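*Asks:* Listed here are the chains, written in short residue letters.
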Amino acid sequence: MTETTRPDARPADGATSDGERWLAEARAAVGQDPASVSRAFALAGRKVGRAPLRPDVDPAGIVHGTVDDAARAALVVALADALGADGDAALGARLADLYQHGDTAERRGVLRGLDALAERGSLAGEGATSVVAVGRDLAADALRTNDQSLVAAAVGPFAAAHLDQHAWRHAVLKLVFMGVSLDAVAGLDDRADDELARMARDFAAERRAAGRVVPDDVARLAPDVTTGRTA
Amino acid sequence: MRIFDPHIHMTSRTTDDYEALYAAGVRALVEPAFWLGQPRTNVGSFLDYFDSLLGWERFRAAQFGIRHHATIALNPKEANDARCREVLDEIPRYLLKDGVVAVGEVGYDSMTPEEDEVFARQLQMARDVDLPVLVHTPHRDKLAGTRRTLDVVRESGVPSEHVLVDHLNETNVTLVLDAGAWAGFSIYPDTKMDEDRMVAILQEHGTDRMIVNSAADWGRSDPLKTLKTGRAMLAAGFTDDDVDKVLWRNPVEFYGQSGNLVLDPVPGFVEGDLPTPGVEFEGSSVLRGVRA
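Protein chains in written order, with this note's numbering: chain B, 189 to 419; chain Z, 201 to 492.
In short, the hints are calculated from the structure, not lab data.
Remember, predicted model here, so these are calculated numbers, not experimental data.
Just so you know, even glycine gets a beta-carbon here, dropped at the ideal spot from N, CA and C.
Among the clues, some could well be false.
What the hints assert, rightly or not - Here are the in silico distance ranges between beta carbons for each label pair: (1) Z:431 with B:328: 24 to 30 Å; (2) Z:248 with B:383: 34 to 40 Å; (3) B:223 with Z:441: 47 to 53 Å; (4) Z:324 with B:219: 30 to 36 Å; (5) B:375 with Z:453: 33 to 39 Å; (6) B:308 with Z:360: 40 to 46 Å; (7) Z:434 with B:375: 38 to 44 Å; (8) B:328 with Z:241: 23 to 29 Å; (9) B:328 with Z:223: 36 to 42 Å; (10) B:223 with Z:391: 15 to 21 Å; (11) Z:215 with B:227: 32 to 38 Å; (12) Z:312 with B:328: 42 to 48 Å.
Claimed, not checked - From chain Z, some residues computed to sit far from chain B (all C-beta separations above 12 Å): (13) 357; (14) 373; (15) 420.
Said to hold, decoys possible - If you only want the chain Z side, here are some residues facing chain B, beta carbon under 7 Å, derived: (16) 255; (17) 259; (18) 297; (19) 467; (20) 470.
Next up, chain Z with everything else stripped away, as it sits in the complex (with noise of 0.2 Å):
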């Protein structure tokens, strides 16, 4: 089972997960930008946590053989924050670089004018540079949340097809489709939406413009919810062709779009080596390692 998360916090994550993730399969994933899970205070310590996306969480991701890729924006819940507001003007430089595949997370947290305009403004980023979008749906209200969503996306002329719409559930999937977008998936343990009730989401809507992600950060949140969700819809009777477009290809296709995926193997890279290069390896001096 090749495994593309679409969705995942690494900087929340421990080595040991990218050691799981690797053996479960994933080769390759994108890690949006969002909060630290307290409040940032100023401009430059939004910089740097971009910058750690594109620097050094790339790299450790690439000792353990995986492909990171990074959205980049201000997030919902901090385009409340005064503090916070200037970053909106750092932002379009970012979106030059390698590896952002995508505007993202933008949208709504509480649905404030404030959000109103830091989401509209992004949008509108993303169609300067020619990039998709990952949006966030808010967890409370989350119906009309979505449907507000989809009227600002109309409004910006940001076509539907580059728009992922995430945190999806039974309530609002056939808003997103119908709307033109993709739908995003984000399998929890018990919270949200579990792998059961994707696998219900899936018979009952297909796997055109699906995309199941595990969302794993600092919360209780599992990054093997992927593939459990690959098995589960084996069992209930899809292929393995099913599997491959619902955890491959779907999110290749959308993160595609941004000209500035990077899909080849890592190189170097040995599954199961230690992640020192040479120093182990028999004390010979040759140059062994991964680069990012």
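So here's chain B without its partners, still in its complex pose (with noise of 0.2 Å):
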């Protein structure tokens, strides 16, 4: 028996069309008003739920995100649009300060959102370098916390575009610390280097050396060891 209080919080079956209606009114607002993205992204979660995007594969919405992730990326994606294409420095100072205001999932939204504007392609080129700027500076900050939902957000297609090769390798072999699926990395096969694999083969000796056991994920690093718990 779930409780919430809140009657479109529920988790079966993703976004309700309350929530679906509350986005586009949102998104259309951010349009008229970019400033009203603040109040969206803290209400977002309220509107449209929490529920993971993909419950089969990722029960815990860490992985793939959540219904509210993909909402406020949309928004994202809406200021983005709003600001126009001579925008990136004001849509640069607005993520900067969604993400420094923002609780939790307000900057995974601020993160997935970055992952929206590098999928459709809005981040290469001169018109960007305030945003990427921004967002190498966000991702770094998300990388540095312990909470595996900020870490998985921060690995997607942004960072697999703009992050330098060192702080993506911490980046993966952080996420396999913190036992999370290294299917939350956009691109590991593209970026996955023999240093990376280093870091991981020495991860998994040290492992074996405590009595530990060595995460399967180690094995997409390193193909060559051996992993779960040896006798």
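Dock chain to chain to rebuild the complex, using the hints, since each chain is given by itself in its own frame.
*Replies:* The structure is reproduced here in structure tokens:
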């Protein structure tokens, strides 16, 4: 038996039509008045629910995100459209503000919003240098935390395109440490290199020496490593 | 026994306490914003603390299966410190956030003019966003402080059923109930109020609008005082339903007025599992883990 005090926060089937309606209105409002994005960000979880997007493989919503993560990402895209082609500096400033003043869910929303912008090609080229610089700082902040959901939200398409190789490798290893599936990492095979494989092998050796389990995901980084528990 | 602890300072407590709380039946709690034991010296320190109540502490609680909510305010003691005053300008932004269920702790510490002003201003903030209010009554000169508190609440226009006046004892409970507000009791080892005295108060005044908490913090306190009060109630002849009312339904009703309680079980949490997900799960990389 579940108990909530919000009738539209049902966990079973993702966004409700009330939630979808709210999101459509909020996106339109951001189009009219970009400053309204702060309030919409704060309310999104209550309005669209917090269910995982892929409950079959990701029941905690950490690897592939949640309904409210996706809603906030859509709000970021609406914000980018509202600020327009010359809005790079303004967009960077607003995203930094949303992140700095945001709680964990809002911070995930900013990170996944950066992913959405990266995926649609908005962040390539000279017209996005400010947003990309801000995005790198925010991703670095998220990757320093100990909240799996934030770390997992910082390794998507934006990270794949814009994180430096050292930071990216450490992000991948941190996910293994935290027990979060590497399915969270966009373009894992494209950027995985010998150094990452070396780090993975050394990690596996530490685990074996400690008599502890070597997670299966280590084999995705260093195929020669034996995972699981050794006798 | 299902328990909602409506006043507990988890930033001062260890994960042993979270495990013990869950085992005792605590499934949700409210952590009020308060002071840290020594003065904050700037607004930024407050903002980082508020952020940690909404972020790290909510996450930490979820790792142990507990739904964590917070109240936000400039507390009575630091209302007197000019270095902290400007935090009042930042508080309205926090009152919109998920998991913020009241303005609090507000009220009096030594009953100074600065405390008057800060209390009144935050009561108006609560009115503006229609949130309930958690009021701390002073430990010194408590009866006078309670009277003045109720006067200020009445002047503010905040409805009395939106107000929880906490840390009460035998001398001021009637005042608060007669004013139509909720009555809060913090059950400590030895000092202030204990579970047997609490049972006597419940026998005298009934269970309507009665709220019991542990107020466990960095000092000598016991996060399981809610459970112990429940057991003392049963031993004194109260029913299971009475206990459920006082320890769950009453705080849920009071804080439910915010519209921001989240009471469904934490997804993915299994009692007794280590809080580091996946790694110890026989090497499988299938995702486990809990989300705050």
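*Asks:* Now look at each hint and say whether the structure bears it out.
*Replies:* Going down the list of hints, with the structure as the test:
1. Z:431 with B:328: 24 to 30 Å: 50 Å, violated
2. Z:248 with B:383: 34 to 40 Å: 35 Å, holds
3. B:223 with Z:441: 47 to 53 Å: With Cβ atoms ~49 Å apart, the hint holds.
4. Z:324 with B:219: 30 to 36 Å: Between residue 324 of chain Z and residue 219 of chain B, where Cβ atoms are some 33 Å apart, the hint holds.
5. B:375 with Z:453: 33 to 39 Å: 50 Å, violated
6. B:308 with Z:360: 40 to 46 Å: 53 Å, violated
7. Z:434 with B:375: 38 to 44 Å: 59 Å, violated
8. B:328 with Z:241: 23 to 29 Å: Roughly 28 Å apart at Cβ, these two residues keep to the hinted range, so it holds.
9. B:328 with Z:223: 36 to 42 Å: Distance hint for residue 328 of chain B, residue 223 of chain Z holds at roughly 38 Å.
10. B:223 with Z:391: 15 to 21 Å: For residue 391 of chain Z against residue 223 of chain B, whose Cβ atoms are near 49 Å apart, the range 15 to 21 Å is violated.
11. Z:215 with B:227: 32 to 38 Å: 35 Å, holds
12. Z:312 with B:328: 42 to 48 Å: For residue 312 of chain Z and residue 328 of chain B the Cβ distance comes to about 44 Å; the hint holds.
13. 357: 24 Å, holds
14. 373: 28 Å, holds
15. 420: 29 Å, holds
16. 255: 5 Å, holds
17. 259: The hint holds - residue 259 of chain Z has a Cβ within 7 Å of chain B, the shortest such distance being about 5 Å.
18. 297: 6 Å, holds
19. 467: 6 Å, holds
20. 470: Result: violated, 12 Å to nearest chain B Cβ.
When the structure is compared with the earlier hints, violations turn up for hints 1, 5, 6, 7, 10, 20 and for no others.
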